[in-house]
Amino acid sequence: MFNGMLRMPENKKMYWKQFMLQCNDIGIGSLGIVCIISFFIGAVSTVQTAYQLVSPIIPKTTIAQIVRDSVILEFAPTLSCIVLAGVVGSKIASELGNMRVSEQIDALEIMGINTKAYLILPKIVAGVITIPLLIILSMLLGIWGGRLAGSAAGIIDPSIFDKGLLMSFNGYNVFFSLIKSFAFAFIITSVPSFYGYTVKGGALEIGHASTRAVVISCILLLLADYVLSALLL
Amino acid sequence: MIDLRNIKKSFGSKVVLQELSATMEPGKCNLIIGASGSGKTVLMKCIVGLLQPSSGQVLYDGRDYFSMTTEERKEIRKVIGMLFQGSALFDSQTVEQNVIFPLDMFSTDKYAIKRDRVREVLKRVNLSEDAFKKYPAEISGGMKKRVALARAIVLNPKYLFCDEPNSGLDPQTSILIDKLINEITQEYKTTTIMNTHDMNSVMEIGDHIVYMHQGEKEWEGTNKEIIYSENIKLNNFIFASDFLQDAKHMRMIQETGELPKGLDENVRDALEIKLNLDLDKDGQIGPTETNFKTSEDNNPST
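Going down the list, the sequences are from chains Y and Z.
Residues in the first sequence are numbered from 1 upward in steps of one, following the numbering used here.
Residues in the second sequence are numbered from 1 upward in steps of one, following the numbering used here.
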């Protein structure tokens, strides 16, 4: 599939338009769900961390440190991407599947358009660019959610939380998280594209392909998460 | 001109096309007819290159499509327009955007020129301006077919392929689509290849007809010749059309006094009932003086 994608576009302007459309669909389209999930993940992390740290000798700044690192290293990239695998993955698989079944892909082929390059490549490139941006936003919102929840529940004062955030901060964690998000973005867009593009049959098969695409993407995400953590940490 | 030479296509052990050879005549409406499952759509997909034949050649002006490089194939596809059975319009685009798409992709003209061309072809297929901004989901089946036809001809194709353009349409709209395809074939001088099992289309626009039966070419000729064909399989197929049934039967009565031999029992029965004939087992017309009974014969008191 990838072999057929890497060919010279018939019209660069049309490919750019398609790329921008996909950036909007994947990036802007997933913004709402990513914001909600990230905020609550951060909030819950703060509350649960505080619940477990009962020893009086552990400073409250530790809560902020734990929330920061868990959000940056795991919650923002992995949990957000698992949700995105469902949201974006099922959309890509069903869109391409429907185009295949209703002969829209054949119609493009007849026009002399490289459908793999025109339909799949912009999705993958748009995903690899916008999903890491969403993950950065997710990190910020997660931490902000944790700070807000800590303050609202009277667990930790915002100034102490801020102090904790700056303690022992390791920039490599952010870099590692971004590496993960690039890999995850590729999985989230390429696996459903494959299942959608190769659908045969009708509406039932589109549903099956969509489900299979999401399930396989999630499994590959978790596998990639483990492999990257083992290799890079 | 498109030449098909010994096209064979199998899916696993199932042979769908068997050594089929035919020539699609340039500038004419070439019809591929046959019952459902006879391999018409597979043949058309082989001709346009969506499916690769197991063996055989598809020659576009003497050059085998499947021996061409990717770039050469792209060039051939730029002169092909295709009307799909389900229209295959892009759901997310309006009627106008659907038709301008091939121009956007392959033409370097300014937007105003492209827009004028789109409006010209949309008007040519008798679509009103109200429909231009609508989405495919908002228009009728007949309008979808016309939009798809407009999209197929917007780049002035040399070859126009139509896969069952009348399927799912009412008889009146079917006739309109047929006429439109015929007019476009003449105006644009395209070589049109159309799959159909609509016998009205055969009689209306079939300049050259290829009849397929179970993956084989069974008969080839014009719509004038089809009336006089003695091919039993073709006769059984076309007798599904009332018009052809009547026309053929009239000719048989006039010229030979009997029906073609080898007709299915149910086809013979249907003919007998429909035309009030008295036929023996061999299809010979019985001893009645007039074969067509009048209303007076049936009701002598009047």
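In case anyone wonders, no lab produced these hints; they're calculated from the structure.
You may find that some hints are simply not true.
Stated by the list, open to error - Some but not every residue of chain Y turned toward chain Z, in silico, with C-beta under 10 Å:
1. Leu6
2. Glu10
3. Phe19
4. Asn24
5. Met99
From a predicted model like this one, the values you see are computed outputs, not experimental measurements.
All C-beta atoms in this analysis are idealised placements derived from N, C-alpha and C, irrespective of residue type, glycine included.
So, going through the hints one by one against the coordinates:
1. Interface restraint check: leucine 6(Y) against chain Z, minimum CB-CB distance 13 Å, threshold 10 Å, status violated.
2. Annotation: interface hint on glutamate 10(Y) holds; nearest CB of chain Z at approximately 6 Å, less than 10 Å.
3. This hint is violated: phenylalanine 19(Y) has a C-beta 15 Å from the nearest C-beta of chain Z, more than the 10 Å allowed.
4. The closest approach between the C-beta of asparagine 24(Y) and any C-beta of chain Z is roughly 12 Å, which is over the 10 Å cut-off, so the hint fails.
5. Checking methionine 99(Y) against chain Z by beta carbon gives a least distance of about 8 Å; that is within 10 Å, so the hint holds.
The structure is inconsistent with the numbered hints 1, 3, 4, although it conforms to all the rest.
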